[in-house]
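> What follows is each chain in one-letter form.
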Amino acid sequence: MANKTGVYICSGCEIGEATNVEELQQVAVNEFRVPVCKIHPILCSEEGVNLLKGDLENEGLDRLVLGACSRRYHEDTFDFGKEVVVERAPLREYVSWTQPHQEEDTQMLAADYIRMHTTAAQMKRPAIPFEQNTEEAVLVVGGGVTGMTSALESAQAGYVVHLVEKSDRLGGFARKLHRRTPSRSPFERAESPDLDELIREVESHGRITLHLSSTIASIAGAPGDFSVRLTANGSGEKNLRAGAVVLATGGKPYDASKLTHLGIAHDNVISSVEFEQMAASGRLVRKDGQEANSVVFIQCAGSRDPDHLPYCSSFCCTVSLKQAAYVREFGADKKAYVIYRDMITPGQYENFYRAGQNDPGIFLTKGDVSGVHENPDKTVTVDVDNSLLGEKVAIAADLVVLAVGIEASTRDDPILNLQYRQGPGLPDQQYGFPDSHFICFPYETRRTGIFTAGAVHQPMDMNFSRKDAAGAALKAIQTIELTKQGKTVHPRVGDETFPVFRLDQCTQCKRCTEECPFGVLEEDARGTPSIHESRCRGCGVCMGACPVRIISFRDYSVDIIGDMIKSIEIPDEFEEKPRILIFACENDTLPAIDMMALERIRYSPYVRIIPLRCLGGVNLVWVSDALSVGFDGVMFMGCKYGDDYQCHFVKGSELANTRLSKVEETLGRLQLEPERIRQYEVSMNDYRQVAKLIETFAADIDDYGPNPFKGM
Amino acid sequence: MGEKKGPILVVGGGISGISTALEAAETGYEVILIEKRPSLGGRVAGFHQYFPKLCPPTCGVEINYQRLRRNRRVQVHTNTQVGAISGEAGNFTVKLVKSPAYVNNKCVMCDKCTPVCPVEVPSDHDYGMRNTRAIHMPHRMAYPPRFVVERAHCPSGCDKCVSACPYDAIDLDMEAREFEINAASIVMATGWRPYDATRLERMQFGALPNVITNVMMERLAATDGPTAGEITRPSDGRKVETVVFVQCAGSRDQDHLPYCSSVCCLASLKQANYVRTANPDARVYIFYIDIRTPGKFEAFYSRTRKDSNIEFIKGKVARVEPGEDGRVIVEAEDILHGGKVRVEVDLVVLATGMESNLKANGLDGNIVHLDEDGFASAHLQQPGIFAAGVAQGPVDVNSSIQEATGVALKAIQVAAGE
Numbered sequence: 001m002a003n004k005t006g007v008y009i010c011s012g013c014e015i016g017e018a019t020n021v022e023e024l025q026q027v028a029v030n031e032f033r034v035p036v037c038k039i040h041p042i043l044c045s046e047e048g049v050n051l052l053k054g055d056l057e058n059e060g061l062d063r064l065v066l067g068a069c070s071r072r073y074h075e076d077t078f079d080f081g082k083e084v085v086v087e088r089a090p091l092r093e094y095v096s097w098t099q100p101h102q103e104e105d106t107q108m109l110a111a112d113y114i115r116m117h118t119t120a121a122q123m124k125r126p127a128i129p130f131e132q133n134t135e136e137a138v139l140v141v142g143g144g145v146t147g148m149t150s151a152l153e154s155a156q157a158g159y160v161v162h163l164v165e166k167s168d169r170l171g172g173f174a175r176k177l178h179r180r181t182p183s184r185s186p187f188e189r190a191e192s193p194d195l196d197e198l199i200r201e202v203e204s205h206g207r208i209t210l211h212l213s214s215t216i217a218s219i220a221g222a223p224g225d226f227s228v229r230l231t232a233n234g235s236g237e238k239n240l241r242a243g244a245v246v247l248a249t250g251g252k253p254y255d256a257s258k259l260t261h262l263g264i265a266h267d268n269v270i271s272s273v274e275f276e277q278m279a280a281s282g283r284l285v286r287k288d289g290q291e292a293n294s295v296v297f298i299q300c301a302g303s304r305d306p307d308h309l310p311y312c313s314s315f316c317c318t319v320s321l322k323q324a325a326y327v328r329e330f331g332a333d334k335k336a337y338v339i340y341r342d343m344i345t346p347g348q349y350e351n352f353y354r355a356g357q358n359d360p361g362i363f364l365t366k367g368d369v370s371g372v373h374e375n376p377d378k379t380v381t382v383d384v385d386n387s388l389l390g391e392k393v394a395i396a397a398d399l400v401v402l403a404v405g406i407e408a409s410t411r412d413d414p415i416l417n418l419q420y421r422q423g424p425g426l427p428d429q430q431y432g433f434p435d436s437h438f439i440c441f442p443y444e445t446r447r448t449g450i451f452t453a454g455a456v457h458q459p460m461d462m463n464f465s466r467k468d469a470a471g472a473a474l475k476a477i478q479t480i481e482l483t484k485q486g487k488t489v490h491p492r493v494g495d496e497t498f499p500v501f502r503l504d505q506c507t508q509c510k511r512c513t514e515e516c517p518f519g520v521l522e523e524d525a526r527g528t529p530s531i532h533e534s535r536c537r538g539c540g541v542c543m544g545a546c547p548v549r550i551i552s553f554r555d556y557s558v559d560i561i562g563d564m565i566k567s568i569e570i571p572d573e574f575e576e577k578p579r580i581l582i583f584a585c586e587n588d589t590l591p592a593i594d595m596m597a598l599e600r601i602r603y604s605p606y607v608r609i610i611p612l613r614c615l616g617g618v619n620l621v622w623v624s625d626a627l628s629v630g631f632d633g634v635m636f637m638g639c640k641y642g643d644d645y646q647c648h649f650v651k652g653s654e655l656a657n658t659r660l661s662k663v664e665e666t667l668g669r670l671q672l673e674p675e676r677i678r679q680y681e682v683s684m685n686d687y688r689q690v691a692k693l694i695e696t697f698a699a700d701i702d703d704y705g706p707n708p709f710k711g712m
Numbered sequence: 001m002g003e004k005k006g007p008i009l010v011v012g013g014g015i016s017g018i019s020t021a022l023e024a025a026e027t028g029y030e031v032i033l034i035e036k037r038p039s040l041g042g043r044v045a046g047f048h049q050y051f052p053k054l055c056p057p058t059c060g061v062e063i064n065y066q067r068l069r070r071n072r073r074v075q076v077h078t079n080t081q082v083g084a085i086s087g088e089a090g091n092f093t094v095k096l097v098k099s100p101a102y103v104n105n106k107c108v109m110c111d112k113c114t115p116v117c118p119v120e121v122p123s124d125h126d127y128g129m130r131n132t133r134a135i136h137m138p139h140r141m142a143y144p145p146r147f148v149v150e151r152a153h154c155p156s157g158c159d160k161c162v163s164a165c166p167y168d169a170i171d172l173d174m175e176a177r178e179f180e181i182n183a184a185s186i187v188m189a190t191g192w193r194p195y196d197a198t199r200l201e202r203m204q205f206g207a208l209p210n211v212i213t214n215v216m217m218e219r220l221a222a223t224d225g226p227t228a229g230e231i232t233r234p235s236d237g238r239k240v241e242t243v244v245f246v247q248c249a250g251s252r253d254q255d256h257l258p259y260c261s262s263v264c265c266l267a268s269l270k271q272a273n274y275v276r277t278a279n280p281d282a283r284v285y286i287f288y289i290d291i292r293t294p295g296k297f298e299a300f301y302s303r304t305r306k307d308s309n310i311e312f313i314k315g316k317v318a319r320v321e322p323g324e325d326g327r328v329i330v331e332a333e334d335i336l337h338g339g340k341v342r343v344e345v346d347l348v349v350l351a352t353g354m355e356s357n358l359k360a361n362g363l364d365g366n367i368v369h370l371d372e373d374g375f376a377s378a379h380l381q382q383p384g385i386f387a388a389g390v391a392q393g394p395v396d397v398n399s400s401i402q403e404a405t406g407v408a409l410k411a412i413q414v415a416a417g418e
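For the record, the sequence lines run as chains A and B.
Quick note on the numbering used here: the first sequence kicks off at 1 and runs consecutively.
Quick note on the numbering used here: the second sequence kicks off at 1 and runs consecutively.
I should point out that these hints are in silico values taken from the structure, not numbers from a laboratory.
Possibly wrong hints are sitting among the right ones.
What the simulated footprint calls covered on chain A by chain B, stretch by stretch (three residues with Cβ under 8 Å from a Cβ of chain B suffice, anywhere in the stretch; the number is not a length) [said to hold, decoys possible]:
{"id": "1", "segment": "105-116"}
{"id": "2", "segment": "218-227"}
{"id": "3", "segment": "341-349"}
{"id": "4", "segment": "439-447"}
Since this is a predicted model, take the numbers as computed values, not measurements.
Just so it is clear, CB atoms sit at the ideal spot from N, CA and C, and this is done for glycine as well.
Isolated chain B, as found in the complex (with noise of 0.2 Å):
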């Protein structure tokens, strides 16, 4: 094999790039994950469970950090994003741009700076429905283990945690910076968002609070969420009797998202079965267009369809507005029966698509290129530069981390001097 040359910079630390990162370092080539919030995780260390096997999507994620942490090939830079790019495939010179935590590495967790915090702040990683102090630990499972400040929360002249602290990990003065790397290939594994429920306006999203969208369900059934794994109304906490899935909420609509976002009907799915877990005699509505379970998903599909208390709508929801007593009221037409349908429900989760964070991040054009809807399609991207997960594509984990392995692959070819 021909000389190795520098190192691959994986951008995202999601399931996508912590895959990419791993599966090429444990194959010899020096790596660096960039991640741009505090901790690596991403949207699967907000998720309960995945689809089909019901498994918490914790347990890959702790064997994932405990590669990482034994693989002194990865060097994981949390806080940092990409500034610029230049050169050519095999010999880049990235700029990255860190953004201070204010909390450094001497953190050990212990706690004894948030009961001193004054500020409550309402909980990125909960998507609201709960509030942290200003400063506190991203989530459960952080990697590194450590707490972050939202310095912009902070009472002007406040360092009552760093008082608190005793371990000197505190530090409120700490400064962006730069750094400049070089990488021999660029993986850009940067995710999605849901795409923004309040643009879909007959859905009422942000205007009755128990309507609420797939990724935040996630929350509410998750045992370290805000409702600790209860499902229960927002609006008052009462425990859910009814429940209505809205499909394709944004996805597979020209005025929204054109394309199908691909995990959203598993997603009910799974969802369904939280519901009907908790509570025996909970009854759920799934609107739909087609239902997509494709390949060994069937099973999982005609498994959670012999539930009698699933029903199973065709028909895409027309309206939804407030019932009586917190509860929403959802109309829609049943096409295989003809007619409207309208049920009051508990809650109503929106399964909202996926949307590529590449489109909003600003590194169109420049660093990579986009198709019409916003993903990073291999062919059209420079040499030396390529895609993983979300970002070329809607995909569920599983394909994911496919994609994501293969990458790796042609990362290594660059980086091989091949």
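Just chain A, same shape as in the assembly (with noise of 0.2 Å):
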């Protein structure tokens, strides 16, 4: 490979008037000794951009550092392909926008950036894509609605499908439904299921293969290439190969017998369940047989509840507005109540709720369930509280119906029993549904390639859960084409390059195998990890937590920011010029940065800036080789922890801070301030905030004194 730099200084923006650009071309070439080294007055123009493509031809340059604006504009003006490293020195965001213009602080400033990524370029290589053979099945397994409903979608789009259903027949908890909540508009009537529809659609596609009375036994490998073993029918098996995984086993419904307190007991009391079963048997009886007249519906029966289901579980009020309406269907005398908490009908059906409402014969009373009492001849009475205008009320009824809410099939099963070293079953986000952390990004997952759908995804209706079906499905199938072209997937999409692990050096120490978020990493019986580069997300977690430092990607490593670390000039501690190093996480630290810069919010010209894929990649290393060439202070900058984490790749910014937690006893040792190194929880938003963070720190740094291992 040639590794020939060439350095590149756009004077526009301001950045010619705050430096001398002239001398900072002088420590490219001096220093660097790099061939070529221009000044260009916009870089960005039409013109700046020729002359970057001549230059790449006529000189053989295989790497470009443009001292220009940050990384986070024109990056695909300055995309000359994969083969050329393009290394971005933002000498405008964090210079000529935030520094006063033409002082010796600014040109120091200026000059370190361009030390450092130039010695970030000439020691990045190009991405090379991983290569594997990729199966482009799609695996889904339920054979319920979402289920048939992903496995259609993607069939429809091209794809083979293998769909796995543990029954023998297709259809799920959908068969035991009389009628749907309304789908469409005007929302007013519920519908019929249209369950035979889609099986025969289902069954009739040539893409899809049915495999009835099986479940998984096990899923090995990473997405692309995952051999899946079903276990049929109790015995026999089946082995086959998929790309991509879509989980769409849906719920439990609660079970009623826990539902003491609402009277579950009683003859005449039964769950949701059991009263749209009977609804579509075509009756409407007490347990004795005797025809009912009244029935009472209870909502939240286990839902909302701490002492059950802390949470709502989303349907089960347009459930019991859809049973209601079943009642009145069997006689204009018979009525339904309806005691509800909040009546949860979001959207159009507001609709459904009004044509409730408009029913004389329905009743829908706000309160609080206090006590459900059967009465000698086997009615029940429900005891309601803190209804409207304060009123204790007793509703008598023939029935009572217990609208149940739903629990994740996953909540006690792994279902997919992978084969990984992290465990068989999907992450579980909260109260045992394995969804994703993420408003924005709905389908992420901490098992690449394996999506979840409908009920097992969040509480959801089987109206919403045929959209989630098919946005899995498609997640599903993207997973599969990115693979194919050895691309990584959400967030870093389209990235190609993976860690590579120096074996030879490995200690077994299983710290990266333990902490990637994502389970890329299996071991073998000594505890020697091994990868799979398609599981890979590429935030270099495992980096970070190697001691022997042997993990590293083409274009970030340890070493990497280790030099460009020693590449900024120390002035000795009679200049009084502090250094402070931050470690800037490039998801959100890094634009609070450039927000900071397009507000022209100033801050310390003492501050040097290292953007890290995320902060979990922080090597302890990089803390001592800071302090060893002198710098008097270390931020770690990356995104918020703990419950409501906003960290891209999930435990990166929480495993910085237990490794930095580590780092304060050593320092302590070293007869050195532990508040030398801190960690900042920092989002977009906060770029007024990080500003001021700076100052603070700077101030410390000033009232602790220059680290004493400075020049030495």
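Build the complex from these two chains, which are given one at a time in their own frames, with help from the hints.
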């Protein structure tokens, strides 16, 4: 490889006014001996880009350092293909827009960014995608409405599908439904479940292979290349390959027998699931076979209840409205009462609610059920407190229906039986649902290539499940397509760099295999890691975890960052120019720093910023590198961690925190103030706060005085 | 797989449209994403935080912009709207109209132009709560990152910005242009607008400055908003001590929006949290019919409900009138305890609902078909045309993106020629 670096300094956007660009040019030429170093007034102009293109061709360059704007701008303008490493030294954001012009400190700052990024450019290597024989089939687990929809949607996009269902027929829970809640305008009447048509479509689709009476014995491998073992009919085994997986095993109705406080032990108190089946069979009767004339529906039976399900199951209000309408169909004299806490009929389901309100035989009452008693004639009385106007009400009825909620089917069964070092199931996020933690990325998963849809994903009804089924199918197909090209999936979509392990030096400490947020790494009996590239998201957590520093990416490594740190010129202590290193997460902190520049918010000229893919990539050796070259303090800025974490790689900023807590002791032993190393949680909106954090930190560093190791 | 047909056209560059475009492009399909405003981002670009995590929308928007910058399969056209559509699924011909932004892609956001601009115009992005110059950046998260001129406000003959621009980026003679594209399938992700609160006569919106809407509240809380994130009274900039949230302001009301807008309860809970975080002594009253916090949002509701400074009152607001010293008096029935409640507060926030943009933009009947509520329900559409996000029904951000992802697959099925 040529390893010929060209350094280009843009003098536009006030960089030329803020700094002496010729001196910056001299830094690149004299200190780094780069063969080409040019100054251009507007590098992002057509002319500027043509200059770069010409030099790439004529000078045989393969690396560019652009001392111009932040890499968040003109990423496409400065894309010269995969073979060319482009390194951006953000002289606009970090210097000309945030520092006083023509000052010594400003010039030193700009020169250091040229040093840091020229160093990095010279060490980075172009990415190479991984190669993997990719199976283009989608495995859909669960043959209910969601699973069938996922299967059909995938097949209709041209993909082969294996649909696995544990029972001997398709349909799932929807088989028990008399009708479904309205799916289309005017949203006033329950609809036929249309199940037979869906089943027919699935059964007749040439690209869908059905595996009925089958369960997943195990899934090994990685996206693009999952080896799936099925157990069929409890005995035989089948093996198949799949590129991605959609888990659509739905939920389980909450066990009504636990609802003793709502009278489930009484003869004529039943669950909404039982009532649905009764209605489907065309009867409205009490346990003794007598016709029922009045039915009370109790909402939130188990849901929104810390003793049972702390969440709202989302669909029970519409289900009860639907079932109340069933009651009314049995005769004009039949009465239905719905006792609810909040009538949760969002969106156009409001029309369905209104239809219920308009029915003179449906009585909707807000209140809390305080007791359910059986009367001698086996009718049931429901006591309601806190109803409208504070009245206490007692309603007697022939039948009481408990509107039960839902639990994820994965709650106590991993179902997929993944042969992963980190366990057989999908890590759940809350209440047993293996949902995404991210509002903006509802299909984010900690097991790459494996997505959930429908009621196993979140509490949701059948109408939304069908939409969700299509969403998950898209993500499955997308994973297959990206894997085929050897590329990473979300959030670093398209990245072609992957961690490489120098295994001869591995000490089998297992930190990388334990800490990887995505379960990418497996280990052999001795504990030596092995990587499945297509599971990897490229966060670099493994690199940060490794105590012997054997994990690196082609363009991101402990050495590259270490050498960037070492390239910075540290004035001696008598110059009274402290130096503060900032490791900044590129996802949120880096944009926040760019926002400061847009707002022209000034901050200390003593900071030097190094971007990281994720704070989880922090390797502690960088702290010693920084302190030994003479930095006076190090700030780590990354995403919020804890329950409402914002880290795009789930655990990165939290792991950084754990690692940094260990540094404190070391600093103490060296008689250094532990506060010289600090981690901050920064979100993009905090850009004004970032400047304040830097100022406070700089003031504290002043108080501590220079790092005593400076210049040693 | 069959031969891939022409690109997928996505109409609307808010969170739904961006998500559909990216999901399709990352699966390998060509996408044309158009947005009528000068920048992508849509409504979420104006939000301070999302419920229930109280995290900034910018965080996800940034990742999406990153995905866009790195994906050559998505062509983005801002200032662009659909003129006409002909053809059929697999082979639509679409006329697009690109209105002039008067700033070209040489703009580097150096901001030399705004100081010389002589006119101030009320900022759309901030719902008129502050002014910008006629030339300005659409918002901090503008994509593409460049300024725009609101030409209608320019004094005749003024070209001060042109002379001030060192990069030759301003062209005040730029003209609208029409162009035609071919598309295999079309996704309408045209989003929503807040229901016009001036139509809620009793709420005094527009008459009393301290009666605002929930979208305005987002801007008041936003770091880059008109008050730099200080929640203050619009009338005099004083710190807010007491706030009323009026739920279902327009929604669930046969005279206005008959449907539930599905996000307003959670939005108000979120905004109540903004108020309480900013001011530990602040008192909040939420007047509601039902609090609708489905699924896992229940935890957010119960957490907020534990705050003794937030009072939940079931009842519809009957009257809003001016109080002492700029305050506002709100009167409502307390349905659970009987009697009337009357509070005098610094700020009233109307939890206005969402109205589909499709209803107003004249595409109904021609390109899309709307239901009674103004939404493009899937079953009404011709083959090859789909709707995502609030264009097809009132949903929150998370659900919008779920749908947008599924709709990307529907659009792909047509484009794949299967």
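> For every hint, state whether the structure bears it out.
For each hint, the structure was consulted:
1. 105-116: violated (count 0)
2. 218-227: Coverage by chain B is violated here, the residue count being 0 at a Cβ distance below 8 Å.
3. 341-349: It holds, with 8 qualifying residues against the three required.
4. 439-447: holds (count 5)
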